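Participant: Going down the list, the protein sequences come from chains F and E. Those letters in the first sequence? Residues 1 to 387, per this note's numbering, in order. Those letters in the second sequence? Residues 1001 to 1387, per this note's numbering, in order.
By construction, these hints were calculated from the structure, which means they are not laboratory data. Among the hints, erroneous ones may be present.
[Said to hold, decoys possible] Computed list of lysine-lysine pairs in DSS-like fashion (alpha-carbon distance at most 30 Å, straight line): (1) E:LYS1008 with F:LYS26; (2) E:LYS1026 with F:LYS59; (3) E:LYS1380 with F:LYS69; (4) F:LYS306 with E:LYS1023; (5) F:LYS15 with E:LYS1023; (6) E:LYS1023 with F:LYS8.
[To be verified] A few chain F residues that don't get close to chain E, going by computed Cβ distances all over 12 Å: (7) ASN51; (8) LYS64; (9) LEU67; (10) LYS96; (11) LYS100; (12) SER352.
None of the values given here were measured: they were computed from a predicted structure. Backbone N, C-alpha and C fix where the C-beta goes; we use that ideal spot for every residue, glycine too.
There are 2 protein chains.
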Amino acid sequence: MSAPFSLKTLEDCLKNVPADDLKDLKTHIYGRSNDNELPVSTKAQKIAKDNTFVIKSYKFEAIKEDLRKPRVVRIGAIQTSLAAPTTEPIGVQRQKIFDKVAKIIEAAALENVNILCLQELWYLPYVFCTREKYPWCEFAENPESGAAVTFLSTFARKYNMVIVSPILERDEDQGDIVWNTAVVISHTGKIIGKHRKNHIPRVGDFNESTYYFEGNTGHPVFETKYGRLAINICYGRHHPQNWMMFGLNGAEIVFNPSAEIGGSLSDRMWFIEGRAAAVANSFFTITINRVGTEVFANEFTSADGKKAHNDMGPFYGSAYLATPEGMRTPGMPRDSDGLLISEVDLNECRQSRDLHTFRMCQRLPIYAEGFTRATKLDFKPQIIREI
Amino acid sequence: MSAPFSLKTLEDCLKNVPADDLKDLKTHIYGRSNDNELPVSTKAQKIAKDNTFVIKSYKFEAIKEDLRKPRVVRIGAIQTSLAAPTTEPIGVQRQKIFDKVAKIIEAAALENVNILCLQELWYLPYVFCTREKYPWCEFAENPESGAAVTFLSTFARKYNMVIVSPILERDEDQGDIVWNTAVVISHTGKIIGKHRKNHIPRVGDFNESTYYFEGNTGHPVFETKYGRLAINICYGRHHPQNWMMFGLNGAEIVFNPSAEIGGSLSDRMWFIEGRAAAVANSFFTITINRVGTEVFANEFTSADGKKAHNDMGPFYGSAYLATPEGMRTPGMPRDSDGLLISEVDLNECRQSRDLHTFRMCQRLPIYAEGFTRATKLDFKPQIIREI
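Construct all of the structure, not just a fragment, from the sequences and the given hints.
Facilitator: Next comes the structure, spelled out in structure tokens:
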């Protein structure tokens, strides 16, 4: 067993802060002094209580325009732990997560969520720490007709909801290879398209490069009934150029479905990177992580000097949304299933571009040229020395 | 008079947090539970007290390597208010800031600072809110022989210190045009070179585009006795690609000398952007802002619906350093002159690249290609619609 990393949520740490300091502290931490929390219906609260997950709902407002109507949407994010031991048959493990998630989607529908995203590889354990191919590769599925996508598609149609489903993809047309993929399901239940993870980690227990390659789908933005969205999967969060390319393609909402463990660099940077990306690109970002500790039958090592062990330690949840104007919701719990709902006005994206002109002042040509130069084998960095 | 924006520092807000919560709260806020504050010598403390500025000093450690010696350097950052009313003659205003800064540099030398950076346009008021050309353009100086650079060069030689001097540049070889420039002075007192601000704001009172253009010096990295440094001036902080290009050219330390007022987007993002850039590029960042309210004789408007007024409101100081591993120092005060000292081991830069492999996994070629595509007039964003 690895030593579990324990850290109170930032929100728990704020509970005993004197009222006199709290407003300023929240301004520092969330970019605004008031959480603007929205009430959650009794019906949804009951589902949450009966199924032991947390619902939180927050609101952000944009400037009222004359020529454009507000484009208010409710964005949902789901964080979950496993629903069955990893020693159960694959089909059972998957079905039990389906059952759990069905309840959360029901609550999301009651709260009028328009666009919903689940965490990375939402219906399976984060198995790559084991470096075992079987039975885990069985979780990989066809992105058009697989069990997870089919399951969510029913809800999308029923609730008129766009759903983003981060899956382990089986590429049946290309020698059965596996990808880390997000599938976008329309409010009609049809698949709009898919995106494959662009940046693959090779650090600690994140042995993903053993299973799949860097994605080959570019930086697609999906035009949906409720706005233009994109998915920057997990480790891509650390790459500003990845966020930026989704922005150049016109994204208004970028989800970051992730799997991250406590006490790591990612833990320190969790509330930093999504928010920085939102402001730099004038879009909304929603950063989502799983919760719970996932225990495997066979021990594995983590190349960190510790003895072999059977789990990676707890994933830290903490889903949040950040706005183009640099504000954010509080984080969701670190240790419990949850549904985060954020009501935003997508008009804020263009308003932020007008207000701060980051895009206009971006000087893309010099970076296109600089990046191109830096890819060459004979690249000479621009270094100036004392003569 | 514009309404002054008042906000306690985050550090003041933490003063009454119960000890039980403080460690976790600091982990969330600074990336580590302990500030690792270094003692400041009595002599330096006395200078600070006599001249009413604050000194703070913090330490960060890297992994000990076998083949490389630690490359421990002390990095200093100076934040100051004006030393004379803006109605005084230009020469008097400048001399009084020189006198104030001389004392702070003396303290920095006592504390063995190796590399020191001052705030943006450190020897003049932030005059661009006025949109007046005179008398303010008189502050522009030759980057090799101007008064500010000459003044600092003496200290650089005397104290064996690399000094970064952000000036208003007069380009005497090119029709006397003006630039926003940082000059790097070697520990020998010689000028190593200069960099001109890459991204120019056009927002609120930041009428800089009335005075100078976007810089034409690329993204130079200056090789100094104490490490490779670069300067991302002010508004360039909002542009991840700007930080990134300095990283591609090999920077280990990137200063962000700035001028920012309270209650703005920049205030919300101050502790976010520098830290995000440090981690994404595996270098140290030091973000520096001026303090105080600068009052001008002639009123001006800010295009924000407020009545004409004579000041922009208070600049909020808050200098801090962030590390490649995602930690940071507490912020300096929002309202007082100060010297921030950070002791770091530059070996951390390469160690972070090895640990997290952000650079290796960066996929620069796809971004070079994508950015190039996006610069074309016939650019078609990659948008996927339901068929």
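Participant: Determine for every hint whether it applies to the structure shown.
Facilitator: Against the structure, the hints:
| no. | hint | verdict |
| --- | --- | --- |
| 1 | E:LYS1008 with F:LYS26 | holds (11 Å) |
| 2 | E:LYS1026 with F:LYS59 | holds (27 Å) |
| 3 | E:LYS1380 with F:LYS69 | holds (26 Å) |
| 4 | F:LYS306 with E:LYS1023 | holds (25 Å) |
| 5 | F:LYS15 with E:LYS1023 | holds (14 Å) |
| 6 | E:LYS1023 with F:LYS8 | holds (10 Å) |
| 7 | ASN51 | holds (28 Å) |
| 8 | LYS64 | holds (14 Å) |
| 9 | LEU67 | holds (20 Å) |
| 10 | LYS96 | holds (31 Å) |
| 11 | LYS100 | holds (28 Å) |
| 12 | SER352 | violated (8 Å) |
Against the hints set out earlier in the document, a violation occurs for number 12 only.
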